[in-house]
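Trainee: Going down the list, the sequences are from chains Y and W. Under the working numbering, the final residue of the first sequence carries the number 834; numbering is consecutive throughout. Under the working numbering, the final residue of the second sequence carries the number 834; numbering is consecutive throughout.
These are calculated hints, taken from the structure and not from any lab test. Some hints here could point you the wrong way.
One copy or two, it doesn't matter: identical chains are merged, so the pair holds either way.
[What the hints assert, rightly or not] Listed below are the simulated DSS-like cross-link pairs for lysine-lysine, each with C-alpha atoms no more than 30 Å apart in a straight line:
id : residue 1 : residue 2
1  : K688      : K502
2  : K733      : K519
3  : K519      : K660
4  : K660      : K502
5  : K436      : K502
6  : K519      : K688
7  : K733      : K502
8  : K436      : K688
9  : K688      : K660
10 : K660      : K436
11 : K733      : K688
Protein chains: 2
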Amino acid sequence: MAEERPLARVTCTAPVNIAVIKYWGKRDNDLILPINSSLSVTLHQDQLKTTTTAAASRDFAEDRLWLNGEEADVGHPRLQACLREVRRLARKRRGGSAEDAAALSLSYKIHIATENNFPTAAGLASSAAGYACLVSALARLYGAAGEPSEQGQPSEQGQPSEQGQPSEQGQLSEVARRGSGSACRSMMGGFVQWQRGERPDGRDSIARQVAPETHWPELRVLILVVSGEKKQVGSTAGMQTSVDTSPLLKHRAEVVVPERLALMTRHIRERDFEGFGKLTMQDSNQFHATCLDTFPPIFYLNDISRQIIALAHRFNAHHGHTKVAYTFDAGPNAVIFTLADSVAEFVEVVRRSFPPAINGDRFVRGLPVGSASLPGELLAAVVTEPVPGGIQYILHTKPGPGPQLVDDPSQHLLGADGLPRRSP
Amino acid sequence: MAEERPLARVTCTAPVNIAVIKYWGKRDNDLILPINSSLSVTLHQDQLKTTTTAAASRDFAEDRLWLNGEEADVGHPRLQACLREVRRLARKRRGGSAEDAAALSLSYKIHIATENNFPTAAGLASSAAGYACLVSALARLYGAAGEPSEQGQPSEQGQPSEQGQPSEQGQLSEVARRGSGSACRSMMGGFVQWQRGERPDGRDSIARQVAPETHWPELRVLILVVSGEKKQVGSTAGMQTSVDTSPLLKHRAEVVVPERLALMTRHIRERDFEGFGKLTMQDSNQFHATCLDTFPPIFYLNDISRQIIALAHRFNAHHGHTKVAYTFDAGPNAVIFTLADSVAEFVEVVRRSFPPAINGDRFVRGLPVGSASLPGELLAAVVTEPVPGGIQYILHTKPGPGPQLVDDPSQHLLGADGLPRRSP
C-alpha cells in the first residue's frame with residue numbers, strides 16, 4: 411500500500427492567558443458567547459505552553475485523542491464543535507471549486523495528542539491553551555489558515571484585514587471559543603481583547619489584539635502557586651449559577667465592564683502600570699465578589715489568597731504607589747503583574763512571608779530572579795505574620811506570543827504510525 | 411447640704427440586633443444617614459444585653475463615663491450628639507413653658523456606667539446595644555420619653571402614632587442613630603426596619619417595628635463564635651471606603667435593597683422560613699461581596715466562616731429545603747437562624763464538624779439545646795472534613811423585646827455617691 415502521503419502531521423504550541431478584565435458568564439451556552447467582553451495578557455510559552463500534534467490519514471479507522479499520554483474521549487461536544495468549525499473554514503478557504511487534489515481530505519479520520527509543560531497543580535486554565543493549540547494545529551493541517559506566527563517572531567495579530575472582516579487569526583479565535591471561551595484569547599500574543607459581540611450566531615464574538623507582546627518589555631508575571639485545596643466548583647457550572655442568581659454580576663456585565671475595558675485598553679497603550687495594576691486588582695476583586703453574590707456562594711480565594719492580597723497592598727502602600735498587582739482566576743493561586751525592576755524585591759518579600767517548607771531551592775522557577783536584600787523598614791512594614799509553606803513555588807514569566815508552528819519533525823507527539831511517541 | 415433630690419438614677423437594658431438586610435454605607439457621616447434601608451432581628455436580652463445607668467446631680471462637677479468598669483472618654487462626639495439630642499427632645503416635651511420645677515434640670519452634669527453581659531470576643535456589635543441603652547436611660551432620666559416596655563411584656567413599638575408623626579420610640583431611635591447607625595434598630599423588639607429616609611436632616615431616618623418578638627415564636631438564633639483572628643477593618647472606616655470605591659455597593663443600595671426589603675417584610679409577616687432564610691443568606695453574601703469589591707478589598711469572612719457556609723448549604727440540600735440560614739456581620743462569626751425543631755440536630759452537626767478542642771461542656775450556651783442523634787446518611791452527606799477547634803462555642807438565643815427599664819434599685823451600676831459600684 412505505498413502512498414505518497416500516508417500521514418499528514420502538524421505540531422503547534424499555544425500559550426496560557428490571564429485575564430485582567432475577567433470573563434464570567436455566558437449568554438449562550440452552546441456557542442459560548444459571553445455576557446461581557448474581557449481582556450487578557452498572553453503568557454510566554456517558554457514557561458507555560460501546550461503542545462499539540464494533529465495527524466490525519468486515510469488509514470486511520472477512527473478519531474482518537476491523547477491528553478498528556480493518556481487516551482481520552484474524542485467525542486466531547488466542544489472538541490467536535492472545533493473540528494467541525496475548522497473543517498468549515500477549510501472548505502470555505504478552498505472555495506466552491508472542486509476539491510483540491512493536493513489538499514488533505516477533510517473526511518480522513520484524525521489523531522490528536524496534546525501535552526502541557528506545566529503541572530495541573532499550577533491551577534492554570536489549561537483548557538484555554540489546549541483548545542487554542544488544537545485549533546491552531548487543525549487549521550494548519552487542513553489548510554484552513556496560513557501559518558501562525560513564525561517561531562520567535564513578535565506577532566501583530568487579530569487586526570481586521572479590511573473593514574468589518576475579521577483577520578484570519580480572528581476567525582480562528584471564533585473556532586477556539588467553541589472549545590473554551592477564554593481559548594479565543596490564547597490565539598494571539600501580547601494583550602488581547604475578546605469582544606463580546608452582538609450577533610446571535612457569535613460570528614463577531616472573537617479575539618482582537620490590543621498590543622503585541624513586544625509592546626511593554628518591562629512587564630513581568632509571577633505565578634504564586636498556593637498549597638493544597640482543590641477547586642471546589644468548576645468554572646462552567648459556577649458561571650452558570652452566577653448568571654442565574656447574582657444581581658451584581660448582571661450589573662457588572664452591563665455597566666461596569668464596558669467602562670473598564672476602555673480604561674484598561676488605554677492603560678495598556680500608555681504602559682501606565684499604576685492604572686493597569688490598580689484596575690487589574692479591582693477587576694479581580696469584583697469577579698470574586700460576584701462569585702460570593704452567587705447562590706449558593708462560590709469561593710475561590712482562601713486564607714492564603716487573602717494574605718497575598720493583603721501583602722500586595724502593604725507592599726504598594728510602603729512604596730507609595732502600585733508596584734505589584736494581583737489577579738485570581740477560579741482558584742486560590744495568585745498571578746502577580748509587576749515591572750522587571752521590582753521582581754527581585756517582591757520575590758524576596760514573598761519568600762519571607764511564606765517561608766518555603768521544602769524544596770527551598772526550587773521555590774522560584776522560570777525566568778531568573780536576581781537577589782535582593784530587604785531594608786529593615788520594608789520588612790517591618792510589609793512582612794507581618796509569616797505563614798510557612800503557604801506557597802508551594804513561584805513561577806516567573808512574562809508576556810509572550812500567540813500559537814507557534816513547530817517545524818522540527820522530531821517534536822511531533824505522534825509518530826509515523828500515528829500513535830503517541832514514548833516520551834524521551 | 412440636705413437636698414430633696416441629691417441624685418437621680420435610671421437603669422435600662424438594651425438588646426443586640428442582627429441585620430438580615432444589611433446596612434453598609436452612609437450618605438451623611440455626621441448625621442449617620444444610610445445609603446439604604448435595613449432590617450434586623452432584635453435578640454433576646456436573657457442572653458445578650460447591655461445595661462446602662464445614667465445619673466444626674468447638681469453636685470456632679472463634670473460628665474463622666476465608665477465602660478465595663480473602666481473610666482472612658484465622655485467627650486466622644488457621637489456620645490455628645492446623643493446627649494444633646496435627648497435634652498432637645500426633653501425640652502420639647504416639657505413644652506415652651508417655664509421649666510417644670512419637678513423635672514430634673516437639663517444643665518446638671520451626668521454620670522454614665524455601662525456594662526455588657528457578653529464578652530467582646532463574641533464579635534457582636536456592642537455599639538448598637540450600647541447606644542440604644544444609653545439613649546433609653548437618658549430619655550427616661552430627663553423625661554424625654556415615657557417608659558420603655560414593661561419588663562417581660564411583648565412590645566408593639568415604633569408604629570407612627572398618627573399620620574406622619576413618628577412614635578415616641580421612633581423619635582428616640584433617631585437619637586440612638588446618632589450614636590451608631592444600627593443602634594436605632596435596637597430601640598425596638600422583634601423585627602425592625604431602619605428606614606433610609608429622604609430628608610437631609612435625618613428626621614425620617616428612623617426605626618419602625620415590622621413585627622413584635624411574639625410574632626414568630628418558633629424562630630431561634632445560634633451564634634457560632636469562630637476562633638481567633640481579630641477584625642481587621644472597623645466598620646466605620648470600612649463602609650466609608652466601600653461607598654467611595656465599590657460600584658457594586660452603589661447598585662446594591664439603589665436597586666437591589668429596595669426590592670429585597672419589600673420581599674423580606676413579606677416573608678417575616680407570613681413566617682415563611684424558606685423565603686426568609688434564603689434571602690437572609692443572599693443578603694449576607696451580597697454585603698460581603700461589596701466588601702470584596704471595595705478597594706483595597708475588605709475581608710470579614712475567613713476559612714472557618716466559609717466552612718460554616720458550605721455546611722449550612724449541605725445541611726439544607728440534604729433536607730431538600732432551607733432549615734438553617736447564616737448571616738455574617740463585619741467579622742467571621744456566624745449567626746444562624748433556624749426553627750425550634752431543628753436546633754438540636756443542627757447543633758449536633760456543628761459539634762461533629764468542629765469538634766470542641768477544650769471546654770466541651772461549655773460548647774453550647776444560652777437557651778437549652780436537646781440532644782439529637784444523627785442518621786448515618788445525614789452524617790455522611792453533611793459532615794465532611796471536621797475541623798477541630800474551629801468554633802469556640804455556640805450561643806443559643808431567640809428574638810426578644812426592645813430596651814427595658816430596670817425597676818430594682820439594687821441593679822443600678824452607679825451607687826448613691828454617683829460612682830460605679832463594685833461588681834458583686
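Trainee: Look at each hint and say if it fits the structure.
Mentor: Now for the hints, and whether the structure bears them out:
1. K688 / K502: neither (44 Å within a copy, 52 Å between copies)
2. K733 / K519: The answer is neither: 51 Å in one copy and 54 Å across copies each exceed 30 Å.
3. K519 / K660: So K519 and K660 fail the 30 Å test inside a copy (43 Å) and across (55 Å) alike.
4. K660 / K502: Answer is neither: 37 Å inside a copy and 49 Å across each miss the 30 Å cutoff.
5. K436 / K502: So K436 and K502 pass the 30 Å test inside one copy only (28 Å; across, 60 Å).
6. K519 / K688: Answer is neither: 49 Å inside a copy and 52 Å across each miss the 30 Å cutoff.
7. K733 / K502: neither (48 Å within a copy, 58 Å between copies)
8. K436 / K688: Both ways: K436 and K688 sit 26 Å apart in one copy and 25 Å across, limit 30 Å.
9. K688 / K660: Both, since 22 Å and 20 Å are each at most 30 Å.
10. K660 / K436: Classified as both: same-chain Cα gap 11 Å, cross-chain 24 Å, threshold 30 Å.
11. K733 / K688: This pair counts as within: shortest intra-copy Cα distance 10 Å, inter-copy 42 Å.
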